[in-house]
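Number of protein chains: 2
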Amino acid sequence: MDIRKFSLPEIIFGRGSMHYTGSYALQLGAKKVFVVSDPGLERSGWVSKLIEIIEDSALRWVYYANVSANPRDYEVHQGADLYRKEHADVVIALGGGSPMDMAKGVATVVSNGGIIQDYEGANLITSPLPPMIFLPSTAGSGSDISQFAIITDVGRRVKMSLISRSLTPNVSIIDPDMLSTADDDLIVSSAVDALAHAVESYVSTIAHTLTETQAMKAILLILENINPALKTRDPLAMENLSIAATAAGMSFSNASLGACHAIAHSLGGFFDTTHGMVHPVLLPEVMSYNLPACETKMANIGEIVLGRKLSSTAQTAQGGIERLREIFVELGTATRFREIVNDETAFPQICEMATRDACLLTNPRPATATELLSICQKVW
Amino acid sequence: MDIRKFSLPEIIFGRGSMHYTGSYALQLGAKKVFVVSDPGLERSGWVSKLIEIIEDSALRWVYYANVSANPRDYEVHQGADLYRKEHADVVIALGGGSPMDMAKGVATVVSNGGIIQDYEGANLITSPLPPMIFLPSTAGSGSDISQFAIITDVGRRVKMSLISRSLTPNVSIIDPDMLSTADDDLIVSSAVDALAHAVESYVSTIAHTLTETQAMKAILLILENINPALKTRDPLAMENLSIAATAAGMSFSNASLGACHAIAHSLGGFFDTTHGMVHPVLLPEVMSYNLPACETKMANIGEIVLGRKLSSTAQTAQGGIERLREIFVELGTATRFREIVNDETAFPQICEMATRDACLLTNPRPATATELLSICQKVW
Numbered sequence: 013m014d015i016r017k018f019s020l021p022e023i024i025f026g027r028g029s030m031h032y033t034g035s036y037a038l039q040l041g042a043k044k045v046f047v048v049s050d051p052g053l054e055r056s057g058w059v060s061k062l063i064e065i066i067e068d069s070a071l072r073w074v075y076y077a078n079v080s081a082n083p084r085d086y087e088v089h090q091g092a093d094l095y096r097k098e099h100a101d102v103v104i105a106l107g108g109g110s111p112m113d114m115a116k117g118v119a120t121v122v123s124n125g126g127i128i129q130d131y132e133g134a135n136l137i138t139s140p141l142p143p144m145i146f147l148p149s150t151a152g153s154g155s156d157i158s159q160f161a162i163i164t165d166v167g168r169r170v171k172m173s174l175i176s177r178s179l180t181p182n183v184s185i186i187d188p189d190m191l192s193t194a195d196d197d198l199i200v201s202s203a204v205d206a207l208a209h210a211v212e213s214y215v216s217t218i219a220h221t222l223t224e225t226q227a228m229k230a231i232l233l234i235l236e237n238i239n240p241a242l243k244t245r246d247p248l249a250m251e252n253l254s255i256a257a258t259a260a261g262m263s264f265s266n267a268s269l270g271a272c273h274a275i276a277h278s279l280g281g282f283f284d285t286t287h288g289m290v291h292p293v294l295l296p297e298v299m300s301y302n303l304p305a306c307e308t309k310m311a312n313i314g315e316i317v318l319g320r321k322l323s324s325t326a327q328t329a330q331g332g333i334e335r336l337r338e339i340f341v342e343l344g345t346a347t348r349f350r351e352i353v354n355d356e357t358a359f360p361q362i363c364e365m366a367t368r369d370a371c372l373l374t375n376p377r378p379a380t381a382t383e384l385l386s387i388c389q390k391v392w
Numbered sequence: 013m014d015i016r017k018f019s020l021p022e023i024i025f026g027r028g029s030m031h032y033t034g035s036y037a038l039q040l041g042a043k044k045v046f047v048v049s050d051p052g053l054e055r056s057g058w059v060s061k062l063i064e065i066i067e068d069s070a071l072r073w074v075y076y077a078n079v080s081a082n083p084r085d086y087e088v089h090q091g092a093d094l095y096r097k098e099h100a101d102v103v104i105a106l107g108g109g110s111p112m113d114m115a116k117g118v119a120t121v122v123s124n125g126g127i128i129q130d131y132e133g134a135n136l137i138t139s140p141l142p143p144m145i146f147l148p149s150t151a152g153s154g155s156d157i158s159q160f161a162i163i164t165d166v167g168r169r170v171k172m173s174l175i176s177r178s179l180t181p182n183v184s185i186i187d188p189d190m191l192s193t194a195d196d197d198l199i200v201s202s203a204v205d206a207l208a209h210a211v212e213s214y215v216s217t218i219a220h221t222l223t224e225t226q227a228m229k230a231i232l233l234i235l236e237n238i239n240p241a242l243k244t245r246d247p248l249a250m251e252n253l254s255i256a257a258t259a260a261g262m263s264f265s266n267a268s269l270g271a272c273h274a275i276a277h278s279l280g281g282f283f284d285t286t287h288g289m290v291h292p293v294l295l296p297e298v299m300s301y302n303l304p305a306c307e308t309k310m311a312n313i314g315e316i317v318l319g320r321k322l323s324s325t326a327q328t329a330q331g332g333i334e335r336l337r338e339i340f341v342e343l344g345t346a347t348r349f350r351e352i353v354n355d356e357t358a359f360p361q362i363c364e365m366a367t368r369d370a371c372l373l374t375n376p377r378p379a380t381a382t383e384l385l386s387i388c389q390k391v392w
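Sequence order for the protein chains is A and B.
Just so you know, the first sequence maps onto residues 13 to 392 in the numbering used here.
Just so you know, the second sequence maps onto residues 13 to 392 in the numbering used here.
Chain A with its partners taken away, still in its complex shape (with noise of 0.2 Å):
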């Protein structure tokens, strides 16, 4: 195999463990902290709750709110006015991905200078970010565990992936308690975004043992674990969940993801879609496409998503996705992409821009823009 990297924050796990965000902050250095939340959050009371923490640290703390489901362009720019202006040293996210992700585009722009835009890519990022400390809400995006951020630029009308060593936090606090105040439809998204981490990153170009040890992991946690989490809020499920996708994270982050996530940035950028509603509609189909160049690893998937082999490796891998399919069925997510977006037209140029999106170059089969479209085409 060739040379490859496997890198993570330092990562709190357990209930309860948000109490150690203040203990933490203090050890980066921080005296006024920058807070990066949601209203959903601020809603359940946890917003209020970290800025006790924070508090009883004796830390001053400045809280930008206006985050949108997919973080902007001008919103990251504006969270840097704010923290420049305020003399914060340390950012503190809390919630799902958009938070996190709109942290890291803030750490960016305050330590690298610029705009948001001059980071689309990998590996642009040359100066050293602010410490950061994220604690996620949802079970799903891994941005506290991921050098990945994702972040819309208005203009272009396309998310932009932001891919650097640098975007990883110091510090991952991931307090499944968090958990118990989302609804049954950030479960699934969450779950979902989670699942698709593991399976794109399983068949990466670059997975290697440690990525995929855990991208497998992760796979298995979720499915054992995502209906007796809906039905009874059990905590163990619960916290499975996080770890699962903890695990993802892991993966992704050193693996990268393939074009199930090339089209959803596209298309998120476009339609303001997120992750959990474009990837119940895409993950089969992009599976389909790429099962002649990874079958074995997509029976590999199959076995853990079918609970046994069936009779060749084809079938498994074939097996597999369809039984996933029906799974998303039964969570009662979109299966085609009428059902969340209204213009079947904008799609030659949807897939045109996911070919320029990093995460393709992972992708186990190549893709071109038409391959990509006619992927598109088969769930529309």
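The set of hints was computed from the structure by calculation and includes no laboratory data.
All residues carry an ideal CB built from backbone N, CA and C; glycine is no exception.
Hints may be right or wrong, so weigh each one.
[Claimed, not checked] Restraint-style ranges between C-beta atoms, simulated for each label pair:
(1) B:334 <-> A:243: 39 to 45 Å
(2) B:80 <-> A:243: 56 to 62 Å
(3) B:38 <-> A:69: 32 to 38 Å
(4) A:389 <-> B:43: 19 to 25 Å
Using the hints provided, position chain B relative to the given structure of chain A.
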């Protein structure tokens, strides 16, 4: 589950990755690096290759050569004197556990002052260490991944366990090519060491899913690859042993170890034995002792060792332990203490000292000195 941490160095893995040492040292701000290795690696040419790579990056260097197979307190203090005298700024270790643990000791003393004995135990290192880059030359110790350092206190005849987040190096550069010059004995003793890390950390009282996944993968990879590695030096098998040692390191660094390592440290301080000699004797007996406290987990290990489940959990667990004993015999290791040490009367004192080793805290079944002695007597 309680709150758990999971942290790792940045890992660079792959054949030829040694060449990145210079650029990582530069990234970490090096001007003059302090290099630790051992006579075996000097003879096999790896030290001069490393020095060449360092010089190619226009870095100055100073070399400390005289590391024992079990690094000693006075060597750490000599190394620290040399580091200070030469105004080094980054520590690079090339070797097995001994040069790496020696390097950790030097980094601790030069940044935190005093003597190495001041830091025996858990979390006693308070000031940041100089940056450390480690290149493991064996697939075993896991010191390049772990928060542990083992240093012999010559006066007290005890191997001290130092455990601290600060003891994880910044970067671990794992180049499986370095295994090509290892002889059979080194490959076996390293693999056995990694296997013991995996087994003990898997059943540790503070294990959690992220560590358990790595531990199970490590056990599987070692058992699948040790024979091909020995027979033909198959590069893929050698690479898999490296991955296994890394995975086992990820597990034990975060979940700690158990009674087998507690006794091995105490015994090693007294008789200067290495882990690779002690574990094949001790591990199966410690597993038998622990069995009643963690039957399901022992059965999971048994299923991997045997390649199948037997008719009950208890039988699978027991069968796995028996098979492991046979595997050690097939690998030609000692299976009785009488083969490696010459004085049975020292064991009461050794077991008394083992009860004060930090590794015993996480053993799944509590053990008094008398119970440890009974384990040792069974394998005299």
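Hint check:
1. The hinted range of 39 to 45 Å is satisfied by residue 334 of chain B and residue 243 of chain A, whose Cβ atoms lie roughly 42 Å apart.
2. In this structure the supplied range 56 to 62 Å holds for residue 80 of chain B paired with residue 243 of chain A, their Cβ-Cβ distance being about 59 Å.
3. Range check, residue 38 of chain B to residue 69 of chain A: Cβ separation about 36 Å, and the 32 to 38 Å hint holds.
4. A hinted range of 19 to 25 Å is violated for the C-beta pair residue 389 of chain A and residue 43 of chain B, which are about 59 Å apart.
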